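Asks: The primary structure of each chain is shown beneath.
There are 2 protein chains.
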Amino acid sequence: MAALFCSEDRRTVYCGELSSADIGREVTVNGWVQRQRDLGALIFIDLRDRTGVVQLAFDDQTEKSIFDKAFEIRSEFVLAAAGTVRPRGEGAVNPNMKTGEVEIAVKSLKVLSAAETPPFEINDNVSVRDELRLRYRYLDLRRPSLQNNIMMRHRIAQVARNYFYENGFLEIETPMMIKPTPEGARDYIVPSRIQPGKFYALPQSPQIYKQLLMLSGYDRYIQLARCFRDEDLRADRQPEFTQIDLEMSFVTQEDIMKMVEGFIERLFGEILGEKVDLPILRMTYRDAMDRFGSDKPDTRFGMEICDISDICRNTGFSVFSSAASQQDGSVRGIVAKGAAETLSRKEIDKFTETAKGIGARGLAYIRWIDDEPSCSFSKFVEKAELLSMCAKLGCEKGDTALIIADKDKVVLPVLGALRGILGRKLGLIPENKYNFLWITEFPFFEWSEETQSWVAMHHPFTMPLDECLEYLDSDPGRVRAKAYDLVLNGTELLSGSIRITDYELQEKMFRSLGLTKEEIEAKFGFLVEAYHYGAPPHGGAGIGLDRLAMLMCKAESLRDVIAFPKVQNASEPMSSCPSYPDPKALEELGLRLIDSKD
Amino acid sequence: MAALFCSEDRRTVYCGELSSADIGREVTVNGWVQRQRDLGALIFIDLRDRTGVVQLAFDDQTEKSIFDKAFEIRSEFVLAAAGTVRPRGEGAVNPNMKTGEVEIAVKSLKVLSAAETPPFEINDNVSVRDELRLRYRYLDLRRPSLQNNIMMRHRIAQVARNYFYENGFLEIETPMMIKPTPEGARDYIVPSRIQPGKFYALPQSPQIYKQLLMLSGYDRYIQLARCFRDEDLRADRQPEFTQIDLEMSFVTQEDIMKMVEGFIERLFGEILGEKVDLPILRMTYRDAMDRFGSDKPDTRFGMEICDISDICRNTGFSVFSSAASQQDGSVRGIVAKGAAETLSRKEIDKFTETAKGIGARGLAYIRWIDDEPSCSFSKFVEKAELLSMCAKLGCEKGDTALIIADKDKVVLPVLGALRGILGRKLGLIPENKYNFLWITEFPFFEWSEETQSWVAMHHPFTMPLDECLEYLDSDPGRVRAKAYDLVLNGTELLSGSIRITDYELQEKMFRSLGLTKEEIEAKFGFLVEAYHYGAPPHGGAGIGLDRLAMLMCKAESLRDVIAFPKVQNASEPMSSCPSYPDPKALEELGLRLIDSKD
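Respectively, the protein sequence lines represent chains F and H.
First residue of the first sequence? That's 0 in numbering that gives the first Met the number 0, and the numbers climb one at a time after it.
First residue of the second sequence? That's 0 in numbering that gives the first Met the number 0, and the numbers climb one at a time after it.
Treat the hints with caution; some may be incorrect.
As the list makes no split between identical chains, a pair holds if one copy fits it or if it spans any two.
Only pairs whose alpha carbons sit at most 25 Å apart, straight line, appear in this in silico PhoX-like list of lysine-lysine [as the list claims (entries may be wrong)]: (1) K63 x K109; (2) K68 x K106; (3) K522 x K583; (4) K583 x K516; (5) K257 x K68; (6) K274 x K295; (7) K355 x K378.
Hint data in this document are derived by calculation from the structure and do not stem from the laboratory.
None of the values given here were measured: they were computed from a predicted structure.
Same shape as in the complex, but just chain F (with noise of 0.2 Å):
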């Protein structure tokens, strides 16, 4: 049934491209069969292309071969048609449609290609199982809703490139095929044939190479590299993702931050037509935790914590006063305003199991109905106490207050959590709207419970804060960073740090964090040694392209804007990658399976 195509068959305009400007216009179009509509002496075709779709009419005016032709097509078939553009006929204006005015009467019609009844029909009103979708991704990236994500991710890519070139960047590929780094997640391995046993891992990120270009004079460096994790997969999650990576010297943080809020006023401008209001606003890591119990605060509502811990010290309710007293206890809540009656005691018992899932002990509450206050805690306090309490956090007649009496890092990640869930809950974040947010400041050291050790927060390259640098070993988890997030509407955009340049601190940062000598010679060492040679202040950031297509194409998932996205279990359903290779290429690697008896 298929038909050559040739020359004479090549679009001259696109379906979503007409309008009512282009009456008496000869065209050509290409394109798919969105649904074809037999009315008898009548047929019409909505012909789709990735601009959009445009009416094909066939009726007593068609010569009879085409519309007998047109008569025996289906939905997907793909058609080059010729003809004239004309407006619609009288009550066939579909004001929905931008070609809604117009039609295409149709002189010339080839089948470039027929199709078979796909799985499911070509439209984004349609319910179909994930797994179908995706198993059939390249129907699915059909869809008017996918292909506009797909076309604005090009877009972003594009502004991104165009800002930073501008900017005197340079874009610099760097290897993929790589000695293991040391970015915390476990990395992808790839055997070596010709050196067996020897292995490459993939990027977590480009870091140690970007890092090296400084180093080499280039300046300024960008690139929308692929970075590669190996990790046990959360929700929302792609074991390969896309980073705006970049680097630049001759800088202080200033200027990085600076930088990149030129290229976010720049693409949402471009992109969206939202006015980004410059500088961005900027918190601290602490005031991030104290306010919002998160270093990625959504900051579109507020509902902040109080701290009540010194009107609870000496309280009859031992909970709250052993709390408040103990060091880095405290005793905090947040407060859903006008929330006593639409938050059920259910409701509450429910978050007081979340809060207990993600670590706390417990969840107390005051709510506030009638005239008086009652709480989760009467039995131990005196009414003025719960008064002078519902006082200090603001609680009045209406509002429920929820309050978790623990260590800091307990208190304040779960009333953060809690935070999130009644924010989307009762509806108090606006849609539509972009609040970006810097934290700064983060702790250069973190305390992993599981290794009782010292880690580093961002990573080990990143420079501590110059008034810091005294307590690197008497106090670490004093120590503050030069390291910079940049938030948007609660997700974390972009990460990013000056780098140590001076290789004795770098040394002592390593072996502040655990490291011995041969181990930092055996991980680090050439990036140790490349620093004897002169390097530059420089510093960086990697901007999360995926979600940042997400956020902008409003998209509910990392899927969404990925053209081949891989699923939970890192597999690629439309392909059924990954799969078992030829024992042969095993054997060329010097690789055996461990067999499960093993």
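Please arrange chain H on chain F, whose structure you already have, making use of the hints.
Replies: Chain H in isolation, oriented as in the chain F frame:
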């Protein structure tokens, strides 16, 4: 010794940008010390950044503490220097230097980083062992010539993106961890931890994904895609390389060639100021083989191959007569004009060795130094016969002819190779000339002596020429394809084709290539299925970015246009990669190294 960088140290101008137009200007520069010259009362420092070098001057006008600091400075120290641009003193003007008329009278100087003496001087004119350069790649990358290459590569990528974006191409990222590809070379594979025993492959090209994107209606796709091949390394191959990968729907071969020509014209015009004459010349594969013995001929010089079979059929020299009479055999030669004296017998013997090394059984020659031609087969031929061979070959007094008699598939490539060597040796190849050439009508099938079967010369998705479809079963060797290569100065820059869109034809081609129904299903099942649901005519190409950059930079090796290249055994000497993995990592992957004694 290092000092903190602050905003006053920030460059106001790049070193290489200063000229006499800037005299009197107060400037701050940042960079690396190229060299320090201490003339007693005068100190000069050449400061280098990615744009060039500028001279810093310290004299009796300089504040003493700064002069003393300048005295201590050594090569590759990193400085921030501020001062006034002034003309150089009498006789100190350096016309070979972009900034040679000026210097900066330094008023403020900060050492941002000291440097140990590097293992080699950072200078294009210094001879250093390759191993040392690669071990300290970050230092070698400071050399101006390497920096210029990397910057030119950036610009090539930029022009490519601009051109294709302007022509409606979307840059879409395809996955890097995929199902093994069918491109002929060996895949690098990546073990899956979540599904032990299964593997991903790194892509040899995004071929299948870009075809699927066409089926999904994206219409025009481009990607600067990293590709991987685990090959036994030949000189100047890289295990990972970059391709300007493109695909278009609703096009003929002509449309794609025209699009590529527009790119080449723009690229060479914008970056090298070279005018490329369009349309680019075309030659069929058959003609290229017959005339130049190569499917990527260097047409910057002549020395075309001449067929003398017809006059050799009845000669007394049986080597000639039997080859000339044989089916698919011939006697052909090339003539080195005026080289009879320059090419000694000894050198011709070397050519004989070369010819034998690539499959010939021998090499005959004619040398015409004196009044009459002499030849290597004079015992077997009459003088008249020899003269008529000379006449046919165009071999005159002063010339040397090299002749091969064998099957065509030996004769042509051997003469092609000898032609290339002779062209270089005799200085026939003009520098600064860019000869582009399209090669078209490639055979679809190539007979593999190794597997005694037909293999696909391009790849199995290539569309046969319409007029060749009838020979598919009867005479596969006669089937030519809608495939095209773009050759520049004897190097293949691009390879592309129109793809098969008819799944029945695709299955037929797979079967012609010896695949069983089960193999087709296992390897390509999802792809073949995809073509059941409406496929636009489409085709595309891949342009080797590394090679393109190498030719445009006039670099001698791919290594000179890749920031962090690998060496011949696919290792990277700087970071000692690949390396032995953590045994725990292997265990998690369900893998074990095969003991060499196994």
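Asks: Please work out whether the CA atoms of K63 and K109 approach to 25 Å or closer within one copy, between two copies, in both situations, or in neither?
Replies: Only inside one copy: K63 and K109 sit 14 Å apart there, 86 Å across copies, limit 25 Å.
Asks: With identical chains treated as interchangeable, where does the CA-CA distance between K583 and K516 reach 25 Å or less: within a copy, between copies, both, or neither?
Replies: between (41 Å within a copy, 22 Å between copies)
Asks: Between K68 and K106, at a C-alpha cutoff of 25 Å, which is it: within one copy, between copies, both, or neither?
Replies: within (12 Å within a copy, 84 Å between copies)
Asks: As a check of your reading, is K274 near K295 (CA-CA no more than 25 Å) within one copy, between copies, both or neither?
Replies: within (22 Å within a copy, 53 Å between copies)
Asks: Using 25 Å as the alpha-carbon threshold, which applies to K257 and K68: within, between, both, or neither?
Replies: The answer is neither: 61 Å in one copy and 33 Å across copies each exceed 25 Å.
Asks: Should K522 paired with K583 be assigned to within, between, both, or neither, using CA atoms and 25 Å as the limit?
Replies: Classified as between: cross-chain Cα gap 17 Å, same-chain 32 Å, threshold 25 Å.
Asks: How do K355 and K378 come out at 25 Å by Cα distance, when the copy is not named: within, between, both, or neither?
Replies: within (22 Å within a copy, 102 Å between copies)
Hint 5 from the earlier list is the only one contradicted by this structure; the remaining hints agree with it.
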